Amino acid sequence: MSTSETTPPPKATPPPKATPPEKTEPPAPAFEKSYIDQITNQFTDDVEIGYIKENRTRINVKKEKIADVAKFIKDNTPFDHAESVTGVDFPEDKEIGVIYHLGSYTDSTYSKQVLALATRVPREENPNPGNDSTKLPSLRDMFYSVEFHEREVFEMLGVYFEGHPDNRRLLLPEDWADLPPLRKDFRNKGR
Amino acid sequence: MTEQVIPTKQMPPGLQVENVDDRIMTLNVGPQHPGSGHMRIIVKIDGDYIVDADPDPGYVHRGEEKMAESRNYITNIPHLERPVIHDSCNILYPYVLGVEDLVGIEVPERAKYVRVITAELNRCIYIQYWLAIYGIFLGHSTMFMWPAGDRELLIDLMEKVTGARVTHAYFIPGGVRNDVPANFEDVCLRQVNYFEKRIKEYADIFYDNPILKARTEDTGVLSREDAIRLGTTGSVLRASGVDYDVRIKEPYDVYDELDVHTNVLKSGDSYARSKIPWLDMLESCNIIRQALEKMPKSGSIRTKLKPNPKGGEDEVYRRVESGRGSAGCHIISKSKPEPYRLKLSVSSFRNLIALPYLLKGEKLGNMPAVYWSLNYWPVEADR
Amino acid sequence: MSVIAPKFRLGYFLKAIFDNAFWILTLVTLAGIPAIQIALFLMPLPVIDGELLTAFLAFTWLFNPTMQIPLIKALLYSDLFRIAAFPGFGFAALIAAGTIFVERKMLAKLQLRVGPFYCGKIEGILQLAGDGLKLISKEIIIPAKADKPLFWAAPVLFVGTAAAFVALIPVAPGGWVVADLDVGLLAVFAVIGFFPIITILSAWSANSKFPFIGGIRALHQMVSFEIPLILSLLGVVILTGTLNLSEIVESQSNFPWIIFMPIGAIVFFTTMLAELERIPFDLPEAESEIVAGWLTEFSGMMYGLVQLGSYLKLYAFAALFVIIFLGGWTGPVFWPPLDAELITEGVPIPNYVGDPILTVATPGLPLFDKDPNEWVQQQQGELMYTSGQLLISGVIWFVLKTVGVIFFILLPRGVFPRIRLDMLLHIGWYKLIGLAFVNIFIALGLVYAGVIGPGGIL
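Going down the list, the sequences are from chains A, B and C.
Here our numbering is used: the first residue of the first sequence is 716, the next is one more, and so on.
Here our numbering is used: the first residue of the second sequence is 801, the next is one more, and so on.
Here our numbering is used: the first residue of the third sequence is 1179, the next is one more, and so on.
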């Protein structure tokens, strides 16, 4: 047991099913729902709920509103840092998804929670990183810790982050002239 | 002369023009340097003070995440442990837990205890290696030899269990690969007791050494707010006063049945950051002893998987406390045997943001002490 | 030498022997003998027993038992022997070689390992010879933009200065010092002041960033620790009233100076560690920050020369500490370790009946006595110790004390991490100078109180 935690977070058990035996999903855990509702009540049509599971929640945001939602989360909820930024390539939907995982260090009731903030940007066939339509506003001013993660998403998937102070390559060599590697068009040798 | 240089021809993408100032010298603490590990830090110094530090990782980038997309969940295991070869159990742990969530299998009790024991052993092995290199960065050759030598005790144990000294590839979804040998509990207890006695001596030669204290105290101070804002994790976070350890906050496997304490120091300087992993090692010895007592004496160590395990249209994110901090694994699966996207959220990469932040304004002589005290493993950050 | 030996054929073996013999004889007759003749022609020849010692006379006397000892003694007291063998270069190099071996072994035992083990049958004794051969056989790489004359000269200058330092150290009573100066201590300070210049020259001439930083750091370190070095020794100078190193040792015949000047000894020890660039003060060669500091661009035998000079300096500093604070060669005379009657009366050797017909005297090796009749004087009770006895026991005490001091210099290498540059400068300019001044005030106090010094109680 931890040495400095006061009470464990309240766990919600799904209520027993009293409805006819058709498949209904158990209602979402109450604690997680509470802070998700805080966000969805603020931004009603730009935000939709991805899923609410125990300790893990996800909201999908339109890309124009991502900066405002992030600012709202930073100011009003105890989430204070971003743990990681994942970029996913969906070539069939012609979109690239970017998912930010947010965590909380300051509030001990929130220490198990990880909130996934997801957006999508349009994807082009021939990418020109920095100069085409795959652009997102950078969340670095709200969550400082995404600085290197966003640089990695830029070089691996070609998503340009506007407002990022230093948007250049991190892991790839300086003279990389091929497709951004994590796109599905970029095939591994022999696979 | 510091006039702007306009490039006259098209620069290839990714290259930049840098204007040179007479006063500032650019040093390449590069990969071929005894003080940098597998990474390059471009340091601009003005006399003895660092004006700007630009980390340049990527020298050991292997494309783990891209490779994971073309291999199925079982064949992903040997290459996913390569980012940290001596802490391999802790790197595989979040992946294995995630896959178990996706596929929906239960792990038997004995397998959970074996996993916890090997994970703690690996944590000690990694921290000893890190401590050895920290000693040699500061010029203390005895502190290089002692941890490297004591580490061999634990590597012997891991070799008895898994067959390999490092890169064990021991965890698989559903349990562990094979059972521990017959008299493992006694041998492990004896060696862990001796190991604990040895590492307690480090206090005399290293942590109470006045030169070490004078060199690392009050250097690279990371305040509590900055540590939270920069999103650091692991020993860096706990040295700045934030009590956060994934084993306690979000227990996985049998950590909720064991008695785990975290060590928190408030000063946030390099000395505290170098002391916390050592205290963590002492804590690990306690955990191993408790787990050895409570481990069920018999039982299966693996749940049988169906061939080509696959998850549904699902997404999972699991976290684990590795030797450096919280390691996470984010898996997006689409009903195929291969993961659609696998992202390793490693603690070294998360702590890297603290490096340029702390080195600005620091003396050049403090650079190795501050840099390595961030518990940074370059291979893991590059994946 | 990774060639598999071909099968043995007697013809090839005899051919090899004949070839070697032919070439050796040719070179000796055509080049060696004329060189020796020229050297003997130009060298001033000694006069022994009233006869000029030419080369042929020397060879004749070598096989004459009564004339062997004067011949060897003349050789012992010549300048060449003093410079090359004892107490000069050969003696210092031998102690330096022993120091390197002991350092590696001791450090290894401290760090739970074994150290040199395979080279040489017992515990890797020949490791140093192996390392020397390796360094000689390596290619010497000069950076393209380096300042070539300075770069080549730097290691040689370094060894030369270290040898000059060794030349000023008296080792045994009776004037056994290569350069017997009346202002010996001042000459030591002058030579020590030369080392930073050589360091910065070799660092600058390499024309590369890491040697540059290393050389600047070495300059800062050496210069900032020279003042406390000089000041800490001045206390002893005040107490003895002389700068001559041999006389300083003579003045300690009853007690070593470390009893009255402990602070001075500590300050001198610390500055000694800094001048030698030993851990914890090995900033100029800080491996994890600036590769190898000002030694980065040296390779092969140049590096070997720098290491040799470094360890010669180590011996010289330790010897200086022993001379000034620990009493040099003073100590009870215990050579030869035999009963007093055996020395004065001799050992009677009986014949088969039991009558002593032969008496063998062991007067303490007349070989090393200055005057051949000293042992007779000792037998008759006029002289307490012959100069040979003083010499040998003095040398043994000196070596023991020096080895002890060297042990304490080697020990911090296993225990301390490296110190940082600004901390080093702070120590050198503030704390050590302060302590050295306290030491001088103690010395002045003792002299004015009439306790020690010229005209004092002790």
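Wrong hints could be hidden among the right ones.
Said to hold, decoys possible - Here are the simulated BS3-like cross-link-like pairs (lysine-lysine), alpha carbons at most 25 Å apart as the crow flies:
hint	chain 1	residue 1	chain 2	residue 2
1	C	Lys1387	B	Lys997
2	C	Lys1609	B	Lys1013
3	A	Lys899	B	Lys844
4	B	Lys844	C	Lys1287
5	A	Lys850	B	Lys1000
6	B	Lys1110	A	Lys768
7	C	Lys1251	B	Lys844
8	B	Lys1136	B	Lys866
9	C	Lys1387	B	Lys1000
10	B	Lys997	A	Lys809
Said to hold, decoys possible - To be clear about the criterion: a stretch of chain B counts as covered by chain A if any three or more of its residues have a C-beta under 8 Å from a C-beta of chain A, and this derived list gives those stretches:
hint	stretch
11	935–949
12	959–967
13	1009–1022
14	1097–1110
15	1142–1149
Unchecked claim - If you want a taste of the chain A side facing chain B, the calculated C-beta under 8 Å gives, among others:
hint	residue
16	Ile764
17	Asp795
18	Val829
19	Leu894
Hints were generated in silico from the structure; no laboratory data involved.
All values reported here derive from a predicted model rather than from experimental measurement.
The C-beta atom is built at its ideal place from N, Cα and C for all residues, glycine as well.
Query raised in the report: Hints broken by the structure, by number, lowest first?
Result: Of the numbered hints given earlier, those the structure breaks are 1, 3, 4, 5, 7, 9, 10, 11, 12, 13, 14, 16, 19, listed in rising order.
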